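There are 2 protein chains.
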Amino acid sequence: MHTYQELQDLVEKELQKQRQDREPVELYRPINYALSSGGKRLRPVLTLMAANLFTHDIKPAVMPALGIEVFHNFTLLHDDIMDQAELRRNRPTVHKQWNTNVAILSGDAMFIKAYEYLLHYQGGNLQQVLRVFNQAALEVCEGQQYDMNFEQLNAVSEDQYLEMIGLKTAALIACSLKVGALIGGADDQQAGHLYDFGWNLGVAFQLQDDYLDTFGDPEVFGKSIGGDILADKKTFLVIKAFEKAGPKQLQELTRLYGNRNLSPDEKIRKVKNLFRSIGVGDLTHIKAEKYYEEARRQMELVGRESAMKKPMLEVAENIMRRKK
Amino acid sequence: MHTYQELQDLVEKELQKQRQDREPVELYRPINYALSSGGKRLRPVLTLMAANLFTHDIKPAVMPALGIEVFHNFTLLHDDIMDQAELRRNRPTVHKQWNTNVAILSGDAMFIKAYEYLLHYQGGNLQQVLRVFNQAALEVCEGQQYDMNFEQLNAVSEDQYLEMIGLKTAALIACSLKVGALIGGADDQQAGHLYDFGWNLGVAFQLQDDYLDTFGDPEVFGKSIGGDILADKKTFLVIKAFEKAGPKQLQELTRLYGNRNLSPDEKIRKVKNLFRSIGVGDLTHIKAEKYYEEARRQMELVGRESAMKKPMLEVAENIMRRKK
Numbered sequence: 408m409h410t411y412q413e414l415q416d417l418v419e420k421e422l423q424k425q426r427q428d429r430e431p432v433e434l435y436r437p438i439n440y441a442l443s444s445g446g447k448r449l450r451p452v453l454t455l456m457a458a459n460l461f462t463h464d465i466k467p468a469v470m471p472a473l474g475i476e477v478f479h480n481f482t483l484l485h486d487d488i489m490d491q492a493e494l495r496r497n498r499p500t501v502h503k504q505w506n507t508n509v510a511i512l513s514g515d516a517m518f519i520k521a522y523e524y525l526l527h528y529q530g531g532n533l534q535q536v537l538r539v540f541n542q543a544a545l546e547v548c549e550g551q552q553y554d555m556n557f558e559q560l561n562a563v564s565e566d567q568y569l570e571m572i573g574l575k576t577a578a579l580i581a582c583s584l585k586v587g588a589l590i591g592g593a594d595d596q597q598a599g600h601l602y603d604f605g606w607n608l609g610v611a612f613q614l615q616d617d618y619l620d621t622f623g624d625p626e627v628f629g630k631s632i633g634g635d636i637l638a639d640k641k642t643f644l645v646i647k648a649f650e651k652a653g654p655k656q657l658q659e660l661t662r663l664y665g666n667r668n669l670s671p672d673e674k675i676r677k678v679k680n681l682f683r684s685i686g687v688g689d690l691t692h693i694k695a696e697k698y699y700e701e702a703r704r705q706m707e708l709v710g711r712e713s714a715m716k717k718p719m720l721e722v723a724e725n726i727m728r729r730k731k
Numbered sequence: 408m409h410t411y412q413e414l415q416d417l418v419e420k421e422l423q424k425q426r427q428d429r430e431p432v433e434l435y436r437p438i439n440y441a442l443s444s445g446g447k448r449l450r451p452v453l454t455l456m457a458a459n460l461f462t463h464d465i466k467p468a469v470m471p472a473l474g475i476e477v478f479h480n481f482t483l484l485h486d487d488i489m490d491q492a493e494l495r496r497n498r499p500t501v502h503k504q505w506n507t508n509v510a511i512l513s514g515d516a517m518f519i520k521a522y523e524y525l526l527h528y529q530g531g532n533l534q535q536v537l538r539v540f541n542q543a544a545l546e547v548c549e550g551q552q553y554d555m556n557f558e559q560l561n562a563v564s565e566d567q568y569l570e571m572i573g574l575k576t577a578a579l580i581a582c583s584l585k586v587g588a589l590i591g592g593a594d595d596q597q598a599g600h601l602y603d604f605g606w607n608l609g610v611a612f613q614l615q616d617d618y619l620d621t622f623g624d625p626e627v628f629g630k631s632i633g634g635d636i637l638a639d640k641k642t643f644l645v646i647k648a649f650e651k652a653g654p655k656q657l658q659e660l661t662r663l664y665g666n667r668n669l670s671p672d673e674k675i676r677k678v679k680n681l682f683r684s685i686g687v688g689d690l691t692h693i694k695a696e697k698y699y700e701e702a703r704r705q706m707e708l709v710g711r712e713s714a715m716k717k718p719m720l721e722v723a724e725n726i727m728r729r730k731k
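So the protein lines, in turn, are chains E and G. So the first sequence is numbered by the working numbering: it starts at 408 and just counts up by one. So the second sequence is numbered by the working numbering: it starts at 408 and just counts up by one.
Bear in mind the hints are in silico, worked out from the structure with no lab data behind them. Do not take every clue at face value.
Chain copies aren't distinguished; within one or between two, either way the pair holds.
[To be verified] Derived pair list, reagent style SDA-like, types lysine to any residue, alpha-carbon separation capped at 25 Å:
1) LYS447 x LYS655
2) LYS503 x GLU558
3) LYS716 x ILE726
4) LYS640 x ASP416
5) LYS694 x ALA562
6) LYS466 x GLN542
7) LYS694 x VAL539
8) LYS466 x GLU712
Here the structure is a predicted model, which is why all the values come from computation and not from measurement.
Turn these sequences into a full structure, and let the hints guide you.
What follows is the structure in structure tokens.
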């Protein structure tokens, strides 16, 4: 059984081997750049852990795991264009470092590379594996579209929000686990439970993200606190605040939300105070815990030895307990 | 054996069935729009013809053929953003009709749909078929990158240009034929000859395109004549003109090329006269004929009954004789 660190190192090493020095360099350099920014490599590690739950030989899962990581980075690249983001992991985004055309086309090529890596898999259930991946890929696009739609909407319900983050974030984490399980030799039911484990974990993960962006410890949290508040982003916190606010709180919230005349510090402070008095931080935690519990329940249902499932349950626990 | 028209109608009908009425409509409507603009459906028809050369039952090739057509339209959609094109088949391009973000994300989703359609194929050589497609997809990206690079270069050689159009245009036509052949039951050698038939035909096709854009009959040609000249595009004609021009012609060519102060009519007339005196129209024709001959030679080598190969040879002949 492999540890997270071992698997992360393996992913990093194998990704490094895939660096493209071929022509045209204008196409391949941005791909190398996008893939060299590190990170926890959560998705490919989960693929390998899920495979490892059913087999000692995780080698057949390595290239598909890279494929999922490359796909994930492709979505970040195109999302950054759409969101006009300037930084990604403290470095200029590809469309800032080069330009939008480069980012579109290199992104497309990354996506093709993702399939190429998945196509290294030789198992008899290749078609099933590819369909699971393809379905998740489409769901990520749908999630991104809903996310952009929500920016234009006045009111977004909790259910709509949970569906959106399910598609945008949880679908690919669920897919990572199911693909690993199928390659490792899981039956459909086991693979399904790992998928559901991943989906619930993914939703909990995003809810934690929303919480930390506002209530994280600035000393520990990587990014500056309150970015979502300043961007008037519709997070779980905002949605619950609008839902639970009393008449006066609602008036104050409406005044603050979308207000670009306040100084950043003042806006963050006032919104946070309002969030605290409404109690949306706790509501977010409670919701995340609910998904975390369901994730653990799904892992129970997989029915392999407890010791074998420990690494994945530790990933889940670390996601829930993380401060950044 | 099916005629072109029968197969085109089949492709059109099956594409129509795939219209997406699902949510989010912001994602799927542009896809329906992009796929409903008609056209000759050359690539999927060639896939079906190539399958038909080896089997009567072309049904297993239908969804993969659609996949290739959807992929082709995805590349047009993203290329139109990069080229800032405003019209495609006399309708606003997707990024003009909606916006750039919609065009990026809908394009990505179309690309995923293309794989989904290819994944309908159940044959034992699925992996091989997908790898052929994936390789071509990457080559199309490389070709587009070279095309964009060429805009920034002063001198492009004939060889560089032929490599670029090989990647950007011929690779996918070659892939269409090989995928059809492999699904139909061709052996690797036969599939290889059909691939080479397609590659050579694709290059000839693009050279014809270059020729017609300048020397086509305005009464017959769909678009206005001289668009490439006005855009200072590096076509085969321009590259040969710079290569073959005498000292005085070179001086004149240098004065005209990149000159945005002339009236459109004057610029087109003067460049065309210069092209005529250098003889680049004939040189383009001769080159296209060479590729056409090689395409026919490759078809000979496939070694099936002549009558069975007639539809594909007719496609090739029509491409060479077309006036628009």
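Legend entry - Index of numbered hints that the structure contradicts, given in increasing order: 1, 4 and 7
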